[in-house]
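**Student:** Each chain, letter by letter, is given below.
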Amino acid sequence: MGIAAMLGTPIKRREDPRLITGQATYVDDIKLHGMLHMSVVRSPYGHARINSINTEAARKLPGVVAVYTAEDLKGTVGVVPVAVPVGHIAEGMGVRMPLAEGKVRFYGDPVAVVIADDRYTARDARDLIDVDYEPLAAAIDIEKAMQPGAPLLYEEFGTNVALSSHPSSEDIDKVIEQTKADGGVVIKSRFVNQRLAPAPMETRGVVAQFTKSDKKLTVWSSSQIPHLLRNLLASQLGLPQHQVHVIVPEVGGGFGCKLNVYPEEMVASFAAMKLGHPVKWIEDRSENLAVTIHGRDQVDYIEVAATKEGKVTALKIHGISDLGAYSQIFTDVIMIAFGFPVSCGAYDIPNLLLSFDLVFTNKVPTDAYRGAGRPEATYVAERAIDLVARELGKDPAEVRRLNFVQPDQFPYKSAAGAVYDTGNYEAALDKALEIAGYTELRAEQARRRANGGNKLMGIGLSSYIEICGFGPKGSAPVGLYESARMRVEQSGTVMVYSGSSPHGQGEETTFAQIVAEEFGIPVDQVIIAHGDTDSTPEGRGTYGSRTTAVGGSAVYTAAQRLKEKMKQIASHMLEASAEDITLEDGKFSVTGSPQKSVTFGEVALTANLSNTLHSSIEPGLETTVFWEPEACVFPFGTHICVVEVDKDTGEAEIVRYIAVDDCGRQLNPMLVEGQVHGGIAQGVGQAMFEGVEYAEDGQLLTSSLMDYAMPLAYSLPSYELDSTVTLTTVNPLGVKGVGEAGTIGSTPAVSNAIADALGVAHLDMPYKSEKLWKVIHKQ
Amino acid sequence: MAMKREISVTVNGQQHHSSVEPRMLLVHYLREELDLTGTHIGCDTSQCGACTVLVNGESVKACTVFAVQADGSEITTIEGLAPEGSLHPIQEGFWEKHGLQCGFCTPGMIMTAYNLLKNNPHPTEAEIREALKGNICRCTGYQNIVRAVQFAAERMSETVSEPVGAGE
Numbered sequence: 036m037g038i039a040a041m042l043g044t045p046i047k048r049r050e051d052p053r054l055i056t057g058q059a060t061y062v063d064d065i066k067l068h069g070m071l072h073m074s075v076v077r078s079p080y081g082h083a084r085i086n087s088i089n090t091e092a093a094r095k096l097p098g099v100v101a102v103y104t105a106e107d108l109k110g111t112v113g114v115v116p117v118a119v120p121v122g123h124i125a126e127g128m129g130v131r132m133p134l135a136e137g138k139v140r141f142y143g144d145p146v147a148v149v150i151a152d153d154r155y156t157a158r159d160a161r162d163l164i165d166v167d168y169e170p171l172a173a174a175i176d177i178e179k180a181m182q183p184g185a186p187l188l189y190e191e192f193g194t195n196v197a198l199s200s201h202p203s204s205e206d207i208d209k210v211i212e213q214t215k216a217d218g219g220v221v222i223k224s225r226f227v228n229q230r231l232a233p234a235p236m237e238t239r240g241v242v243a244q245f246t247k248s249d250k251k252l253t254v255w256s257s258s259q260i261p262h263l264l265r266n267l268l269a270s271q272l273g274l275p276q277h278q279v280h281v282i283v284p285e286v287g288g289g290f291g292c293k294l295n296v297y298p299e300e301m302v303a304s305f306a307a308m309k310l311g312h313p314v315k316w317i318e319d320r321s322e323n324l325a326v327t328i329h330g331r332d333q334v335d336y337i338e339v340a341a342t343k344e345g346k347v348t349a350l351k352i353h354g355i356s357d358l359g360a361y362s363q364i365f366t367d368v369i370m371i372a373f374g375f376p377v378s379c380g381a382y383d384i385p386n387l388l389l390s391f392d393l394v395f396t397n398k399v400p401t402d403a404y405r406g407a408g409r410p411e412a413t414y415v416a417e418r419a420i421d422l423v424a425r426e427l428g429k430d431p432a433e434v435r436r437l438n439f440v441q442p443d444q445f446p447y448k449s450a451a452g453a454v455y456d457t458g459n460y461e462a463a464l465d466k467a468l469e470i471a472g473y474t475e476l477r478a479e480q481a482r483r484r485a486n487g488g489n490k491l492m493g494i495g496l497s498s499y500i501e502i503c504g505f506g507p508k509g510s511a512p513v514g515l516y517e518s519a520r521m522r523v524e525q526s527g528t529v530m531v532y533s534g535s536s537p538h539g540q541g542e543e544t545t546f547a548q549i550v551a552e553e554f555g556i557p558v559d560q561v562i563i564a565h566g567d568t569d570s571t572p573e574g575r576g577t578y579g580s581r582t583t584a585v586g587g588s589a590v591y592t593a594a595q596r597l598k599e600k601m602k603q604i605a606s607h608m609l610e611a612s613a614e615d616i617t618l619e620d621g622k623f624s625v626t627g628s629p630q631k632s633v634t635f636g637e638v639a640l641t642a643n644l645s646n647t648l649h650s651s652i653e654p655g656l657e658t659t660v661f662w663e664p665e666a667c668v669f670p671f672g673t674h675i676c677v678v679e680v681d682k683d684t685g686e687a688e689i690v691r692y693i694a695v696d697d698c699g700r701q702l703n704p705m706l707v708e709g710q711v712h713g714g715i716a717q718g719v720g721q722a723m724f725e726g727v728e729y730a731e732d733g734q735l736l737t738s739s740l741m742d743y744a745m746p747l748a749y750s751l752p753s754y755e756l757d758s759t760v761t762l763t764t765v766n767p768l769g770v771k772g773v774g775e776a777g778t779i780g781s782t783p784a785v786s787n788a789i790a791d792a793l794g795v796a797h798l799d800m801p802y803k804s805e806k807l808w809k810v811i812h813k814q
Numbered sequence: 214m215a216m217k218r219e220i221s222v223t224v225n226g227q228q229h230h231s232s233v234e235p236r237m238l239l240v241h242y243l244r245e246e247l248d249l250t251g252t253h254i255g256c257d258t259s260q261c262g263a264c265t266v267l268v269n270g271e272s273v274k275a276c277t278v279f280a281v282q283a284d285g286s287e288i289t290t291i292e293g294l295a296p297e298g299s300l301h302p303i304q305e306g307f308w309e310k311h312g313l314q315c316g317f318c319t320p321g322m323i324m325t326a327y328n329l330l331k332n333n334p335h336p337t338e339a340e341i342r343e344a345l346k347g348n349i350c351r352c353t354g355y356q357n358i359v360r361a362v363q364f365a366a367e368r369m370s371e372t373v374s375e376p377v378g379a380g381e
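From first to last, the protein sequence lines stand for chains U and Z.
Take any residue in the first sequence, note its place counting from 1, add 35, and you have its number in the numbering used here.
Take any residue in the second sequence, note its place counting from 1, add 213, and you have its number in the numbering used here.
Same shape as in the complex, but just chain Z (with noise of 0.2 Å):
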């Protein structure tokens, strides 16, 4: 076992100190250290973005990514995307719009999906399809997850949401 590293990175607003192993990914101290278990593990090819997160406000899949190069950063995970009680309007489309079923690729797509609307607040259909198309769902068919995300442009326009320690 190698010598562990101490990083330091804050994670939805809150700092952690943590001694890790250099090659524990990014995903599984979110999971085990933290207990964050809102980001998912789909597979073992960074294929299916399941485990997106945003680090210092842009969408990573944190399977491809060490704890230890994490160090220092602003993670915000499903968990902080929104004040406790509260939903985020990409949230609010998935409810409203049927954008899940078993819900497992959830957290990752509302968090692509978020990167995608910060990038280009109304994207068009195709777009919205391109800009999932690193996050894998094997229940919806896609349909529902682009009205929810057209449903969530739609809201933002409207008003402006910060969620919690997003960085930048």
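Okay, chain U solo, but in the shape it has when bound (with noise of 0.2 Å):
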């Protein structure tokens, strides 16, 4: 591969030849000698109360091992992690054991687990596991479930709502007012923005194994987060830090599910522990449906104001987020921690006023997924800028275009309290416009209205921001900082040992292409690993759109740093004085005379092998940065959808899709479509397929991928992309994140689209067939 400029450039990933030839390990891969396997008995109730668990027959099967309850884990296993207990979470309200005691509150709620010789045994034991339950109502519908008489998931608390914020309206009641006399519209809505199960294709599984002689707990799992893992499972096994081990092996995609800290995980775990044997558990599909993480779950009231002329005045939004049955690690904080800050989207809103409630349901814990609150907020500020435009009659992209924040306001502070970096949504808006010849559209469009006809077409836009790259100090529990470790060995080599834990998102391209940018040497010389605790610094894991902005720079500034030392000793070989060394194509030469040179692999020689490096300089070529943000950044773009939905039978299909969008520098403008492409097909997916459904007593209607709509091939139109760049200040490379931001811009646009088609205010999501007939057919 040549060394002309990497960054900026369309090159194949180095992670794909073992992943398109079988190669790859997934946790599933995993065999060691003498290993185990874990099969997990779960409540097919809602919310019940456990009144015995008699586990005799499923000990007496051949080959089984153990069998565990939570009566097992104590003393010995901690609660299920809660990075942030707010409210009465903070007093224990929906934190729990790993597995349940005395109460099972969703289906799936673990009760026991099986330990067996092979997996086939440990599914036969767990039949035989028999639980006497005492079956209770359930509250899953969340405006119910925070009534008085609602069923109570924690009795000693009295009610389901873990915490409330209902500030004064006092002051932004006067703004509407004032709005309303002076010509302009007040618009209510109420909006869900649907749960959804992120169902990534390979589903967790955790290999632990637990050595006698050195006391060491090692644990593969299928995570985001090997630091924090290796962190939380120590705390909560009672072990040192340095007696944990974590490998996050090949992992089949995560998106928000798993960055977390799963019963299972610390289950397996401590059966490892406890039977001096590995101890392996691979969820199924159906298990995976029903007790990883889901994602969303809000519904959200808005009151929105405007002058006549389009401008929003005020903004009040009250969020109801249903936490699901526990808290794991951020599920009470996902919304009111990252979605709130950003409730004024793209706009320069002057009044907002936010209140919520945190609701405890039957249902498994919601958490991070692709967005994680960022794609619910982004939906209140499109629809209600949506809704404004419908009111006045005007174009929904003036209406945008009038109350955008505007280039010259950045660093832009919001009402809703994040500090924008940089951008300007007026280009993307003119960008996607343009693309999406949008005045012919809605010309075709009135064409079309007049003439009557089959299909009614519909144009949704979507200008969304978002805010990621985590974090700066304080923004969470921990300094959400990320390392990097880089060595020059005396090959020429460059091993670089990273904290992010990329899953597909091809770091180990995008890192390689930084550093071969930064030394001018082959991309191919780099080598990028990450996962290990062992090998790794202390890192913190890749979720929030933060592994190129935050790892990428830790990258960064360590190749400054050898390249700064390189120069050093290339000084000395030349016999010249450092600020006269240029670096330029892998060689370091005096400024002025090329000729006098020494190679990047001289250097890496003299500095490895030491004798004939300069006294003045410690010997070796290897750094570890920790490096911090001091602030986010906020990605942002145009989408435009346009809809056609047939009148007989209610079919929606997505005929254009544009995007244009901003993340700043790219660094692999094809893995950043890459991102895009998959971040629309699940925003896609929420508005147009997926939903989670639970039957009132708690039993999951969506247990399979029979009745989970994924989105398919065929199902998803192809894509229009194009960009903007605006650099970001925060950080050395100018990278903001792009993982989730498709997502993000998704979802609202597609609503607005069906909106528009439909001639109503609002639909909730999803857009099938039934739901959409009816609505044309009322009228």
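Mixed in with the good hints there might be a few duds.
[What the hints assert, rightly or not] Within a straight-line C-alpha distance of at most 30 Å, the following computed DSS-like cross-link-like pairs (lysine-lysine) qualify:
| hint | chain 1 | residue 1 | chain 2 | residue 2 |
| --- | --- | --- | --- | --- |
| 1 | U | K622 | U | K682 |
| 2 | U | K490 | U | K803 |
| 3 | U | K95 | U | K429 |
| 4 | U | K682 | Z | K217 |
| 5 | U | K803 | Z | K217 |
| 6 | Z | K217 | U | K95 |
| 7 | Z | K217 | U | K47 |
| 8 | U | K622 | U | K598 |
| 9 | U | K215 | U | K47 |
| 10 | U | K109 | U | K429 |
| 11 | U | K95 | U | K109 |
| 12 | Z | K217 | U | K66 |
| 13 | U | K490 | Z | K217 |
| 14 | U | K448 | U | K508 |
| 15 | Z | K346 | U | K809 |
| 16 | Z | K346 | U | K682 |
| 17 | U | K598 | U | K47 |
| 18 | Z | K346 | U | K806 |
[Claimed, not checked] Stretch by stretch, here's where chain U covers chain Z in the computed footprint (C-beta under 8 Å, at least three residues):
| hint | segment |
| --- | --- |
| 19 | 271 to 285 |
| 20 | 351 to 358 |
No lab work stands behind these hints: they were computed from the structure.
Computed from a predicted model, the values in this text were never measured in an experiment.
Glycine residues also receive a C-beta, built at the ideal position from the N, C-alpha and C atoms.
Since each chain comes alone in its own frame, lean on the hints to assemble the complex.
**Tutor:** Structure below.
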């Protein structure tokens, strides 16, 4: 591979050779000598008391080694960790042991585990465990769950509400009144962001091994957070941190649901410690849909006021977050800490009021899922703007333009709290409008409406922003820096050990591009390693679109440091002063005398072998960087969705999808596009097909992929992508994140398009044909 | 535990004689008994296609076949699609066009694409999307997978390649 400018080049991925040949190792591919298999006994009820657990028959089955319940974990295993316990959660509400004690609170709640010689026996034994349940009424509908008399998950607290905040609306109501008096509009609405299953193609899984000689627990887990998992397992299992070693193998997708610490990881580790044999647990898909955290599940009541020109003067948002039955790591703060700060979206809204309720229900816990709070917040802002446009009979593109934060307002402090770094929202909007041929589209729509016809055409916009690249000091209970240890070996190979934990995003390629560019060496000379807590420095993992912005900045900074040292070494080798040394195309030379040079490889050899190294310089070429951002970064863009809804069947089809995204500098445009494609697919998935459903008694109805409608190859359109580039000032690379932007931008674009097609103010997702048909034929 | 049965299968050109429980799924047999872990399990209702292999040259979801049903057949898994050290044009296409991110659905996707191109060497985009409806991807949004298959179709119309033990 050449050494021309590496950054910005769409080179093929280094990850792919092992993946396309089936040579990669995912957690279920791991086989250890003497390994046992774990299966989990789970509640078939949404809410029930546990009267007794009879494990006799299971224990007797040949091949069964052990059976554990909550009793066995007492005193040895701690609770499932909650990062920021708020409200009653800080008093213990929603905090639980890894196996249920006394009560089960959602369909799939783990009650016992069986450890057996093989996978099939573990399943057979699971079916022999007899749990005597006393079913209880379930709290499923979130607004009903808040009412007095609702079934209570935590009787001792007398409520299902973990925390509420209802600040006085006196001041903002005055603004709204004034706006109305001045001839403006005031619109109220209710939006539902329905519960979703992240459903990565690889379910969760763990292999735990405890070696008695050094009392070391090694855990392979399909996880996004090797170091956080290591630290939390250590604390919850009572082990010193240095005795826990987490290795994240290949991970088949995460999307936030593997940014967590789960009961099964804790119990498998416990079992391995007790039994002295490795223990493997691999999640079934049916389990995955039932017990891996769900995303979204938020109801927002909004009130938006705007002048008759369309300028928004005030926005009131009351958000109700459905936590599910327990709090996992970020369950309780997804809405209020991640979503709320960007409630104003791309718009300069002067008056904002946020209020909320966080409510427990008899469903699996919700937590981070691609966007984690920001899709819901963006949905509110984008639907609100469209409601204003509709009420005033104005073009939604123009209403957006009127309300945008302007380029000269950055860094921009939003009324919702976030400080946006850089942006040029109008440029992205204009580019999207141009690519879409927006004027022609509206003309076509008008023609079709005049002529009648079978298909209702809708055009929806979304000019989103989002907050990512977590995060600066104080933004989380533990600092969200990222680390990189870089070593230039005597061969000239550069080894990079990153605290990031990519699982499909491609940083083995983009990080290598960063280093190759800095040193002017072939990208194949750079190796990126990650996922192993013993060989990588303390890190924070991959989520929140932070790996390039934060992890990449650590890598870049490490390269800078070693570059400086190599210049020092070269200056002695060339008998010049360090200020006069330049590095270009892998050669250190004296400025102005290019014939006096030493190669990257020669400097690396000198540094490592040391005998000819100048005595003032420490041997070796290795450095560790912990890079902490001072702020978050704010990608943005405009998406345009064109739908056609068949009047006779209610079937909606996306006929065109245009996305113009700005993630700052693009290190590898091909990978950026891939992230946008995949992000849009999940956002469209929410809008068009997906939705977890529970029956009123807490039974999970969408318990397999027959019922949970994942987007398929023939149900998604081809996307028309473009970009603008507005660098951030937050990091030396100028990069923002892009992993979640596609998802955040797309859901409202589709929703706006459907509302436009049907001529309604609002319709909740997903847009299944039966629902649309009913709306069409009511009119 | 039921009596084990003897089966004889040729996988990627190699003959295997094994003793398996009648209820053992073909995908478990390949992964656990033969250590061919390139074929993945993504669901439990035959929806996702991550387990797709070739049985006697046709693409089959290995989670929906018992190992005993595969007795006497010739199976090709992702590991046998091209000789060691080389890539099948479909694999090349996925690499060139960024048709994968996490890679978990990819082996199954490739095997289904193999079947498609065998029966329809010059598919349209719509035909590709239709053919892949039994393979779920959560990462890519499918667009680059379509491009990968189109790349492979073009490449394959230039050359001919035969996977190891592909049967007919």
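**Student:** Given the proposed pairing of K622 of chain U with K682 of chain U, does the C-alpha separation stay at or below 30 Å?
**Tutor:** Roughly 67 Å separates the two Cα atoms, so the pair is violated.
**Student:** So is the segment 271 to 285 of chain Z in contact with chain U by the C-beta rule, three or more residues under 8 Å, or is the coverage claim wrong?
**Tutor:** As far as the segment 271 to 285 of chain Z goes, the hint is violated, because 0 residues have Cβ atoms under 8 Å from chain U.
**Student:** Check the hint pairing K448 of chain U with K508 of chain U against an upper bound of 30 Å on the C-alpha distance.
**Tutor:** 18 Å, holds
**Student:** Can you confirm whether the C-alpha distance between K598 of chain U and K47 of chain U stays at or below 30 Å?
**Tutor:** 26 Å, holds
**Student:** Compare the distance between the alpha carbons of K682 of chain U and K217 of chain Z with 30 Å, and conclude whether the hinted pair is satisfied.
**Tutor:** 57 Å, violated
**Student:** Is the hinted pair K109 of chain U and K429 of chain U satisfied, with a Cα-Cα distance of at most 30 Å?
**Tutor:** Cα-Cα ~63 Å, so violated.
**Student:** Is the Cα-Cα distance between K217 of chain Z and K66 of chain U 30 Å or less?
**Tutor:** 23 Å, holds
**Student:** Does the alpha-carbon distance linking K346 of chain Z and K809 of chain U stay inside the 30 Å limit?
**Tutor:** Holds: K346 of chain Z and K809 of chain U sit about 28 Å apart, inside 30 Å.
**Student:** Please work out if K217 of chain Z and K47 of chain U have their alpha carbons no farther apart than 30 Å.
**Tutor:** Not satisfied, since the Cα-Cα distance of roughly 47 Å exceeds 30 Å.
**Student:** Does K682 of chain U lie within 30 Å of K346 of chain Z when you go C-alpha to C-alpha?
**Tutor:** 25 Å, holds
**Student:** If you draw a straight line from the CA of K217 of chain Z to the CA of K95 of chain U, is it 30 Å or shorter?
**Tutor:** Holds. K217 of chain Z to K95 of chain U sits at ~22 Å (cutoff 30 Å).
**Student:** With a cut-off of 30 Å on the C-alpha distance, tell me whether K346 of chain Z and K806 of chain U pass.
**Tutor:** 24 Å, holds
Of the numbered hints given earlier, the model fails hints 1, 3, 4, 5, 7, 9, 10, 13, 19; all others are met.
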